[in-house]
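S.K.: Make a model of the complete structure from these sequences and hints.
Under numbering that gives the first Met the number 0, the residue at position 142 of the sequence shown is numbered 141, and the numbers go up by one with no gaps.
The reader is advised that the hints may include incorrect statements.
[Said to hold, decoys possible] 25 Å max Cα-Cα, derived SDA-like pairs, lysine to any residue:
(1) K329 / Q193
(2) K254 / S378
(3) K75 / V53
(4) K254 / F328
(5) K332 / R271
(6) K254 / M335
(7) K75 / G133
(8) K98 / G133
(9) K332 / N379
(10) K332 / K75
(11) K98 / A143
(12) K332 / W21
(13) K329 / V345
(14) K98 / I50
(15) K254 / Q193
It should be emphasised that the hints constitute simulated quantities derived from the structure, not laboratory data.
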Amino acid sequence: MLDIFYKGRVRQDLETWVDKGWVTPEAATQILSSLETGDGRNRLPIALAGIGVVCIALALAAFIAANWDVVPRSVKLSGIVAGVVISNGVAAWAFSRGKTGLSDLVSGFATMVFVGGLALVGQIFHLPSDWAGGTLLVCIGALASAWIAGSKTSLLIAAIAAISWPLLQETSGGLLDILMGGVITAIVFAHVMQYPNRLNRSAAVALLFVTYGNWLRISIDFSGFDISTTAAALGFGALALISLQVGQIADLSVKWSGFYPQKTHGRWLLFRSLQNTGMVVLVALLVISFLMDDYVSSENFQNALLTATVALPLLISIALCVCGLVLSFKTRKAMMFFVVMALSLVTLLMQVAVEVDVVTAAFNLAALIAVSMLGTLYSNTTWTFSGYAGVAAMALWLLYVTIGSLLGQSAFFLIAGVLLLCLALFATRHLRRSKEDPQGIESAQEADQ
Numbered sequence: 000m001l002d003i004f005y006k007g008r009v010r011q012d013l014e015t016w017v018d019k020g021w022v023t024p025e026a027a028t029q030i031l032s033s034l035e036t037g038d039g040r041n042r043l044p045i046a047l048a049g050i051g052v053v054c055i056a057l058a059l060a061a062f063i064a065a066n067w068d069v070v071p072r073s074v075k076l077s078g079i080v081a082g083v084v085i086s087n088g089v090a091a092w093a094f095s096r097g098k099t100g101l102s103d104l105v106s107g108f109a110t111m112v113f114v115g116g117l118a119l120v121g122q123i124f125h126l127p128s129d130w131a132g133g134t135l136l137v138c139i140g141a142l143a144s145a146w147i148a149g150s151k152t153s154l155l156i157a158a159i160a161a162i163s164w165p166l167l168q169e170t171s172g173g174l175l176d177i178l179m180g181g182v183i184t185a186i187v188f189a190h191v192m193q194y195p196n197r198l199n200r201s202a203a204v205a206l207l208f209v210t211y212g213n214w215l216r217i218s219i220d221f222s223g224f225d226i227s228t229t230a231a232a233l234g235f236g237a238l239a240l241i242s243l244q245v246g247q248i249a250d251l252s253v254k255w256s257g258f259y260p261q262k263t264h265g266r267w268l269l270f271r272s273l274q275n276t277g278m279v280v281l282v283a284l285l286v287i288s289f290l291m292d293d294y295v296s297s298e299n300f301q302n303a304l305l306t307a308t309v310a311l312p313l314l315i316s317i318a319l320c321v322c323g324l325v326l327s328f329k330t331r332k333a334m335m336f337f338v339v340m341a342l343s344l345v346t347l348l349m350q351v352a353v354e355v356d357v358v359t360a361a362f363n364l365a366a367l368i369a370v371s372m373l374g375t376l377y378s379n380t381t382w383t384f385s386g387y388a389g390v391a392a393m394a395l396w397l398l399y400v401t402i403g404s405l406l407g408q409s410a411f412f413l414i415a416g417v418l419l420l421c422l423a424l425f426a427t428r429h430l431r432r433s434k435e436d437p438q439g440i441e442s443a444q445e446a447d448q
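M.R.: Here it is in structure tokens:
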């Protein structure tokens with residue numbers, strides 16, 4: 000589905016590029032021909048081989064289960080160990096020879112043998128069921144296999160296991176669980192940057208938010224639901240802002256340092272995934288925190304700020320925003336980005352700290368519209384659709400609430416109109432300066448891409 004959208008966008012852009020003379024008609028024809036022939040047939044053998052590996056692993060497990068009473072315990076254990084060691088050895092050998100497809104398949108097989116082996120060992124020694132502990136062992140084993148052969152399949156299994164681990168815990172853990180979650184997340188991120196993969200990047204970003212949620216659950220006293228709701232809104236909002244701003248700060252740092260790494264590198268692709276996820280989470284929190292007015296109070300806000308789980312990411316997000324505004328004073332496009340981030344942060348703090356009124360509603364709508372504008376400016380479909388969805392949700396809710404109060408509607412639309420006019424004025428000045436200084440805006444766009 001994503002490939003369909005990508006191909007459609009390329010076809011539209013090619014028409015513009017040919018009209019402006021950037022691409023010759025012959026080159027455009029070759030590009031379109033390449034898009035038509037790139038139907039994924041080259042990935043078909045790998046897909047079939049992957050299904051075959053799963054079938055073989057299931058056949059092996061079924062064979063052992065069928066002969067469970069016949070095979071001695073020592074043979075069972077040695078067979079499991081041999082299967083894991085030999086499979087990882089073959090995967091490492093294939094990886095060293097540059098056969099990444101084969102190494103990925105064999106490494107995935109080794110991971111599945113390891114998972115099945117854990118279940119068999121528990122059955123051999125009649126161990127009590129511990130889903131959380133077993134999931135953690137699966138995560139560690141899959142991570143080891145992923146690094147041995149650079150396997151993307153094993154890393155995906157490890158990320159899924161790491162996400163499931165805190166969700167399966169019956170009770171909140173302690174400091175050790177927080178440290179282990181952070182270390183596992185860092186290892187997964189390092190692998191994704193070293194061996195880029197779209198699906199693994201999504202899993203890594205999801206793991207980051209789940210790990211923070213587990214830290215939040217452990218650190219905060221959840222006896223008061225109001226406090227936990229306020230802390231979650233502030234904490235996840237700050238984490239979303241950090242995810243959005245880290246990549247932009249990295250781009251600005253590249254601009255000022257004069258060092259231009261390849262954009263196809265894994266860390267830059269990871270920054271893009273972080274930004275897209277962060278924007279979706281930020282818009283969702285702006286809408287949800289506005290609608291959950293019943294759980295807002297200044298006391299809960301103050302108590303949430305006193306916890307390190309909330310205060311630390313919030314301070315980091317504020318520092319990144321200030322740093323971005325300073326670094327982008329010569330890059331107008333980036334400055335608009337950080338202005339929107341600052342507006343979103345102020346809006347979120349207002350909604351969580353005080354009861355919703357006309358002013359906070361106007362700020363919320365202005366922030367969501369600014370997100371939509373930002374998505375259009377950066378040609379980012381995810382940002383644009385997120386902003387549109389947020390604006391639609393807020394407009395429907397505000398229409399429902401204010402339909403009976405003409406005075407409330409008047410005050411709301413007055414404040415919202417003033418804020419939108421300010422945004423329009425800011426955008427107009429940006430475009431005017433861009434036309435007056437085309438060289439400056441071209442250098443700014445190079446820094447932002």
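S.K.: Please go over all the hints and tell whether each is borne out by the structure.
M.R.: Hints and how they fare:
1. Only pairs whose Cα atoms come within 25 Å are accepted, and K329 paired with Q193 is rejected, the gap being roughly 32 Å.
2. The suggested pairing of K254 with S378 holds, with an alpha-carbon distance near 21 Å, which does not exceed 25 Å.
3. A threshold of 25 Å between alpha carbons decides the hint, and for K75 with V53 the separation of about 20 Å falls inside it, so the pair holds.
4. Distance restraint check for K254 and F328: the Cα-Cα separation of roughly 12 Å lies within the 25 Å cut-off, and the hinted pair is therefore satisfied.
5. For a cut-off of 25 Å, the pair hint linking K332 to R271 stands: about 17 Å separates their Cα positions.
6. Between K254 and M335 the CA atoms are separated by roughly 17 Å; this keeps the pair inside 25 Å, and the hint holds.
7. Only pairs whose Cα atoms come within 25 Å are accepted, and K75 paired with G133 is accepted, the gap being roughly 19 Å.
8. With a CA separation close to 31 Å, the supplied pair K98 and G133 exceeds the 25 Å bound.
9. Our distance criterion of 25 Å between C-alpha atoms is met by K332 and N379, whose separation comes to about 14 Å.
10. Between K332 and K75 the CA atoms are separated by roughly 63 Å; this puts the pair beyond 25 Å, and the hint is violated.
11. Only pairs whose Cα atoms come within 25 Å are accepted, and K98 paired with A143 is accepted, the gap being roughly 19 Å.
12. Annotation: proposed proximity of K332 to W21 holds, straight-line Cα distance about 23 Å (limit 25 Å).
13. A C-alpha spacing of about 24 Å is found between K329 and V345, which places the hinted pair at or below 25 Å, so the restraint holds.
14. Using a Cα cut-off of 25 Å, the hinted pair K98 and I50 holds, with the two alpha carbons roughly 18 Å apart.
15. Between K254 and Q193 the CA atoms are separated by roughly 23 Å; this keeps the pair inside 25 Å, and the hint holds.
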